[in-house]
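Trainee: Chain residues, written in single-letter form:
There are 2 protein chains.
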Amino acid sequence: MKIVAVVLSGGAGTRLWPASRQAHPKPFMRLGESSLLLQAVQRGHACGSDDVVIVTNQEHVHLTRTELKQASPSIRVHYVLEPVGRNTAPAIALAAMHCDKTYGPDTVMVVLPADHLIPDNEAFVANALEAAALAREKNLVVFGIGPTSPETAFGYIEVEHVSRKSQPILKFVEKPDLATAQSYLATGRFYWNSGMFCFTARSILDALSQHSPETASSARRVFDHASSNGDATHFDNALFGTMPDISIDYAVMERARNTWVVPARFGWSDVGSWPAVADAHPADSVGNTFATDVVALDTTGSHVQVESHGTKVVAMVGVKDLVVVDTPDALLVAHKASAQNVKRVVDILKSRGHASTHLPASVHRPWGTYATLKEEEGYKVKRITVSPGGSLSLQYHHHRSEHWVVVQGSARVQIGEREFLTEPGQSRYIPKGEKHRLTNVGSDELVLIEVQCGSYLGEDDIVRLADCYGRV
Amino acid sequence: MKIVAVVLSGGAGTRLWPASRQAHPKPFMRLGESSLLLQAVQRGHACGSDDVVIVTNQEHVHLTRTELKQASPSIRVHYVLEPVGRNTAPAIALAAMHCDKTYGPDTVMVVLPADHLIPDNEAFVANALEAAALAREKNLVVFGIGPTSPETAFGYIEVEHVSRKSQPILKFVEKPDLATAQSYLATGRFYWNSGMFCFTARSILDALSQHSPETASSARRVFDHASSNGDATHFDNALFGTMPDISIDYAVMERARNTWVVPARFGWSDVGSWPAVADAHPADSVGNTFATDVVALDTTGSHVQVESHGTKVVAMVGVKDLVVVDTPDALLVAHKASAQNVKRVVDILKSRGHASTHLPASVHRPWGTYATLKEEEGYKVKRITVSPGGSLSLQYHHHRSEHWVVVQGSARVQIGEREFLTEPGQSRYIPKGEKHRLTNVGSDELVLIEVQCGSYLGEDDIVRLADCYGRV
Numbered sequence: 063m064k065i066v067a068v069v070l071s072g073g074a075g076t077r078l079w080p081a082s083r084q085a086h087p088k089p090f091m092r093l094g095e096s097s098l099l100l101q102a103v104q105r106g107h108a109c110g111s112d113d114v115v116i117v118t119n120q121e122h123v124h125l126t127r128t129e130l131k132q133a134s135p136s137i138r139v140h141y142v143l144e145p146v147g148r149n150t151a152p153a154i155a156l157a158a159m160h161c162d163k164t165y166g167p168d169t170v171m172v173v174l175p176a177d178h179l180i181p182d183n184e185a186f187v188a189n190a191l192e193a194a195a196l197a198r199e200k201n202l203v204v205f206g207i208g209p210t211s212p213e214t215a216f217g218y219i220e221v222e223h224v225s226r227k228s229q230p231i232l233k234f235v236e237k238p239d240l241a242t243a244q245s246y247l248a249t250g251r252f253y254w255n256s257g258m259f260c261f262t263a264r265s266i267l268d269a270l271s272q273h274s275p276e277t278a279s280s281a282r283r284v285f286d287h288a289s290s291n292g293d294a295t296h297f298d299n300a301l302f303g304t305m306p307d308i309s310i311d312y313a314v315m316e317r318a319r320n321t322w323v324v325p326a327r328f329g330w331s332d333v334g335s336w337p338a339v340a341d342a343h344p345a346d347s348v349g350n351t352f353a354t355d356v357v358a359l360d361t362t363g364s365h366v367q368v369e370s371h372g373t374k375v376v377a378m379v380g381v382k383d384l385v386v387v388d389t390p391d392a393l394l395v396a397h398k399a400s401a402q403n404v405k406r407v408v409d410i411l412k413s414r415g416h417a418s419t420h421l422p423a424s425v426h427r428p429w430g431t432y433a434t435l436k437e438e439e440g441y442k443v444k445r446i447t448v449s450p451g452g453s454l455s456l457q458y459h460h461h462r463s464e465h466w467v468v469v470q471g472s473a474r475v476q477i478g479e480r481e482f483l484t485e486p487g488q489s490r491y492i493p494k495g496e497k498h499r500l501t502n503v504g505s506d507e508l509v510l511i512e513v514q515c516g517s518y519l520g521e522d523d524i525v526r527l528a529d530c531y532g533r534v
Numbered sequence: 063m064k065i066v067a068v069v070l071s072g073g074a075g076t077r078l079w080p081a082s083r084q085a086h087p088k089p090f091m092r093l094g095e096s097s098l099l100l101q102a103v104q105r106g107h108a109c110g111s112d113d114v115v116i117v118t119n120q121e122h123v124h125l126t127r128t129e130l131k132q133a134s135p136s137i138r139v140h141y142v143l144e145p146v147g148r149n150t151a152p153a154i155a156l157a158a159m160h161c162d163k164t165y166g167p168d169t170v171m172v173v174l175p176a177d178h179l180i181p182d183n184e185a186f187v188a189n190a191l192e193a194a195a196l197a198r199e200k201n202l203v204v205f206g207i208g209p210t211s212p213e214t215a216f217g218y219i220e221v222e223h224v225s226r227k228s229q230p231i232l233k234f235v236e237k238p239d240l241a242t243a244q245s246y247l248a249t250g251r252f253y254w255n256s257g258m259f260c261f262t263a264r265s266i267l268d269a270l271s272q273h274s275p276e277t278a279s280s281a282r283r284v285f286d287h288a289s290s291n292g293d294a295t296h297f298d299n300a301l302f303g304t305m306p307d308i309s310i311d312y313a314v315m316e317r318a319r320n321t322w323v324v325p326a327r328f329g330w331s332d333v334g335s336w337p338a339v340a341d342a343h344p345a346d347s348v349g350n351t352f353a354t355d356v357v358a359l360d361t362t363g364s365h366v367q368v369e370s371h372g373t374k375v376v377a378m379v380g381v382k383d384l385v386v387v388d389t390p391d392a393l394l395v396a397h398k399a400s401a402q403n404v405k406r407v408v409d410i411l412k413s414r415g416h417a418s419t420h421l422p423a424s425v426h427r428p429w430g431t432y433a434t435l436k437e438e439e440g441y442k443v444k445r446i447t448v449s450p451g452g453s454l455s456l457q458y459h460h461h462r463s464e465h466w467v468v469v470q471g472s473a474r475v476q477i478g479e480r481e482f483l484t485e486p487g488q489s490r491y492i493p494k495g496e497k498h499r500l501t502n503v504g505s506d507e508l509v510l511i512e513v514q515c516g517s518y519l520g521e522d523d524i525v526r527l528a529d530c531y532g533r534v
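Residue numbers (my numbering), protein chains in the order written: chain A, 63 to 534; chain B, 63 to 534.
What the hints contain is simulated information worked out from the structure, not anything from laboratory work. Note that the structure is a prediction, hence the values are computed from the model and not measured. Heads up, some of the hints might be wrong.
Same chains, same label: a pair holds when it works inside one copy or across any pair of copies.
Here are the simulated DSS-like pairs of lysine-lysine, each with C-alpha atoms no more than 25 Å apart in a straight line [said to hold, decoys possible]: (1) LYS436 - LYS382; (2) LYS444 - LYS64; (3) LYS494 - LYS444; (4) LYS412 - LYS374; (5) LYS237 - LYS436; (6) LYS64 - LYS398; (7) LYS163 - LYS382; (8) LYS374 - LYS398; (9) LYS494 - LYS374; (10) LYS405 - LYS382; (11) LYS237 - LYS405; (12) LYS412 - LYS436; (13) LYS227 - LYS405; (14) LYS374 - LYS436; (15) LYS233 - LYS405; (16) LYS436 - LYS405; (17) LYS163 - LYS494; (18) LYS233 - LYS200; (19) LYS227 - LYS200; (20) LYS131 - LYS494.
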């Protein structure tokens with residue numbers, strides 16, 4: 063029985079702003095030992111899947127590759143790259159077509175969102191194998207979570223009686239209002255829909271054809287026009303946009319008859335908002351979860367995390383049940399009871415075009431990262447890191463000169479037709495209009511401070527002449 | 063009648079951390095148009111005093127001079143520089159001796175703490191002239207504030223009946239507990255003691271001799287051994303330390319019989335803690351006072367201010383009556399009701415040796431300022447500003463090299479025996495151990511980015527060979 067983990071890495075996680083941003087979304091958030099994404103990949107691997115299919119936005123492929131350098135070396139990752147987000151039905155359809163074609167129609171797909179937290183992999187694997195056995199019997203399986211509160215953020219699954227055993231599903235129901243959720247809990251007949259599934263490629267493709275033929279046929283057209291590039295499948299942008307924006311629950315699960323629920327016997331969180339992040343941290347005796355240096359007086363039930371350019375202390379005085387998340391360009395102070403409204407903050411900032419909704423304080427590039435330390439009229443100071451072997455594109459700028467001071471590692475700096483080895487404490491000057499290139503030729507990370515001077519300092523003043531990452 | 067304003071610039075303002083710090087204390091905090099210190103000097107000037115005496119710690123003289131460049135040009139400032147803080151009685155004694163000697167014994171001194179907020183100068187002046195008339199009649203006058211709440215942070219002044227007219231004082235009482243303060247308010251016989259005084263130099267010196275002869279004689283000894291250096295009086299450190307640490311209230315006012323109160327007919331705040339700072343800002347319809355870019359949802363009665371290296375947005379969600387003060391190296395989140403406890407935070411951080419209690423994010427020097435943008439193993443990045451005509455000392459470092467990139471203004475850079483004019487977009491390299499000097503030769507502020515590289519980057523690795531500000 064071939065098992066393949068399919069990791070859906072699409073969630074934006076706007077409720078987790080300012081840590082989660084469009085260019086550095088929730089799956090990349092570190093919670094515990096590693097990012098949620100890496101944990102999801104390792105979880106899939108633990109089910110016996112050496113092949114992992116990741117469906118993600120093509121914008122995030124470099125960041126994902128960087129993140130997965132830390133994954134077990136026996137894992138083979140295949141990237142299914144979406145030009146735009148199109149909900150779970152198209153994503154699962156394309157992943158299923160890839161599995162069908164590559165590993166055969168009877169491949170058991172374990173579908174895992176990349177932004178869930180499941181601390182106990184062993185318990186998960188036991189459940190997953192149970193689900194896989196049901197999937198081989200042509201069932202469409204969903205993992206159900208025993209509800210502990212009348213959540214309105216989840217869909218629900220109705221069965222005869224909630225128990226610890228797998229059973230056929232009577233009905234899927236959409237996210238309820240609070241009163242309905244409370245009534246569901248009272249009946250003892252409902253699970254939360256976890257969004258984790260298990261089925262064979264053939265079963266889900268058959269079900270899609272039967273219950274959502276439009277999704278099935280448009281996805282087939284998109285897949286048939288895909289181009290493969292090593293470990294990645296790319297799609298045609300225009301064709302991709304013709305697929306309906308529809309969830310797998312609505313497209314298939316609510317309509318199919320061969321659906322089963324496997325009740326989760328593992329701890330699970332969808333890390334949907336800041337209180338859930340707090341719950342995932344060890345708390346002190348008064349319920350505080352501090353992921354940073356905090357001086358707390360008369361403070362209880364509060365969560366604090368900081369991401370800053372230097373060492374920063376936080377003082378909390380006489381407060382209760384707050385979430386404080388600090389980054390260099392945005393600070394959130396929210397009451398836990400209002401944490402869902404962080405999404406509205408992001409909407410407001412987006413409408414203003416505020417960069418903090420899109421770019422993280424440290425921006426990832428295929429070659430490394432950059433962070434802006436200071437920007438004022440006429441100049442900008444960045445800290446740039448380049449991974450070993452990494453190389454920025456050969457480029458020039460119309461409107462700015464640049465000074466590079468290497469502070470760690472070894473750089474080869476090309477300026478015009480000349481090349482210079484540049485070591486810590488040494489600097490290079492790149493005049494406006496001069497072509498240049500930066501390469502890490504050492505075995506450690508290269509760190510340099512860049513001072514840009516000029517009348518215009520936008521990221522778009524960059525003319526690429528050559529690039530290792532296909533960005534010319 | 064010669065009037066001289068005496069500004070006592072000694073308050074640490076630890077309750078206003080992290081905006082107020084030992085090297086950048088409360089008088090330098092900007093509230094409204096300018097710093098509290100500048101406002102106090104202008105207030106004294108408005109009373110008809112062209113001569114202003116500032117008693118302050120010698121550590122703050124450069125910062126004070128820089129701040130007072132914005133004062134009315136007709137003001138002549140004299141600096142009485144304390145090597146250590148020694149409470150108000152010694153400070154007033156030394157200021158009185160200076161006034162006695164320089165302007166004559168009948169000089170009327172208007173004593174103003176540098177960290178109070180009085181928005182209406184005109185109303186203040188009318189009161190001050192009334193106080194000056196009483197002072198000429200050999201009275202010791204204190205400004206009393208009509209109490210609006212049972213404050214426990216102030217001393218109280220008892221009279222026959224609180225009214226809008228000046229009257230003799232029956233009794234000074236020390237800071238009461240809450241119950242006592244409440245009973246004071248109920249009687250209608252008490253003012254708050256504002257800490258602002260008015261008397262002639264002769265009256266207060268006589269009163270000191272009579273009621274606190276030890277203070278008078280030790281201050282006389284300190285003053286007789288003082289050295290004058292242009293507009294500043296310096297004292298012998300060891301002698302200075304022999305003066306008692308005693309307030310003018312305790313040393314004189316509580317014991318003297320010729321004390322009068324002038325009731326303040328002006329708005330007044332001692333800006334004692336963050337809620338007082340909030341009160342000094344215009345509030346929106348739900349009581350928020352935002353001194354920065356804030357997105358607020360369901361948030362009331364809260365104060366937010368930010369001091370950062372770039373533009374930073376703050377989101378407040380579902381909170382009430384909070385104070386949020388953000389700086390690059392420290393963030394405070396406090397409930398207004400607990401704002402007095404910020405002092406305890408500072409005590410805790412001091413005991414840990416945390417820099418945020420001492421140095422501000424932007425450190426003032428006689429030649430300008432510096433701020434650390436980033437510090438990691440092996441390097442440090444600073445933003446340095448130099449005022450027009452300003453010049454750093456001729457210096458060298460044992461353990462670090464430096465790169466200077468000029469981003470605004472014009473610099474003359476001496477390296478070894480050579481000098482280089484350096485303009486925006488140009489850089490200079492100073493090898494480890496090489497003597498160097500930076501001078502602003504333009505008419506605008508000079509701004510440069512410094513990248514230090516080396517194994518040790520402490521501020522104490524500086525060997526000064528020559529200095530315009532007497533720091534060799």
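Trainee: A separate judgement is required for each hint: does it hold in the structure or not?
Mentor: So, going through the hints one by one against the coordinates:
1. LYS436 - LYS382: neither (34 Å within a copy, 32 Å between copies)
2. LYS444 - LYS64: neither (47 Å within a copy, 57 Å between copies)
3. LYS494 - LYS444: Both, since 17 Å and 24 Å are each at most 25 Å.
4. LYS412 - LYS374: between (27 Å within a copy, 15 Å between copies)
5. LYS237 - LYS436: neither (44 Å within a copy, 46 Å between copies)
6. LYS64 - LYS398: neither (43 Å within a copy, 61 Å between copies)
7. LYS163 - LYS382: neither (54 Å within a copy, 57 Å between copies)
8. LYS374 - LYS398: This pair counts as both: shortest intra-copy Cα distance 23 Å, inter-copy 22 Å.
9. LYS494 - LYS374: Answer is neither; intra-copy 36 Å and inter-copy 30 Å both fail.
10. LYS405 - LYS382: For LYS405 and LYS382, both the intra-copy (22 Å) and inter-copy (19 Å) Cα distances are at most 25 Å.
11. LYS237 - LYS405: within (18 Å within a copy, 48 Å between copies)
12. LYS412 - LYS436: The answer is within: 22 Å in one copy meets 25 Å, while 28 Å across copies does not.
13. LYS227 - LYS405: neither (36 Å within a copy, 58 Å between copies)
14. LYS374 - LYS436: both (17 Å within a copy, 11 Å between copies)
15. LYS233 - LYS405: The answer is neither: 30 Å in one copy and 59 Å across copies each exceed 25 Å.
16. LYS436 - LYS405: Neither: 28 Å inside a chain and 31 Å across chains, both beyond 25 Å.
17. LYS163 - LYS494: So LYS163 and LYS494 fail the 25 Å test inside a copy (51 Å) and across (63 Å) alike.
18. LYS233 - LYS200: within (18 Å within a copy, 94 Å between copies)
19. LYS227 - LYS200: Within. Shortest intra-copy distance 18 Å satisfies the 25 Å Cα cut-off; inter-copy 95 Å does not.
20. LYS131 - LYS494: neither (36 Å within a copy, 39 Å between copies)
The structure fails to meet hints 1, 2, 5, 6, 7, 9, 13, 15, 16, 17, 20 from the earlier list, while all remaining hints are met.
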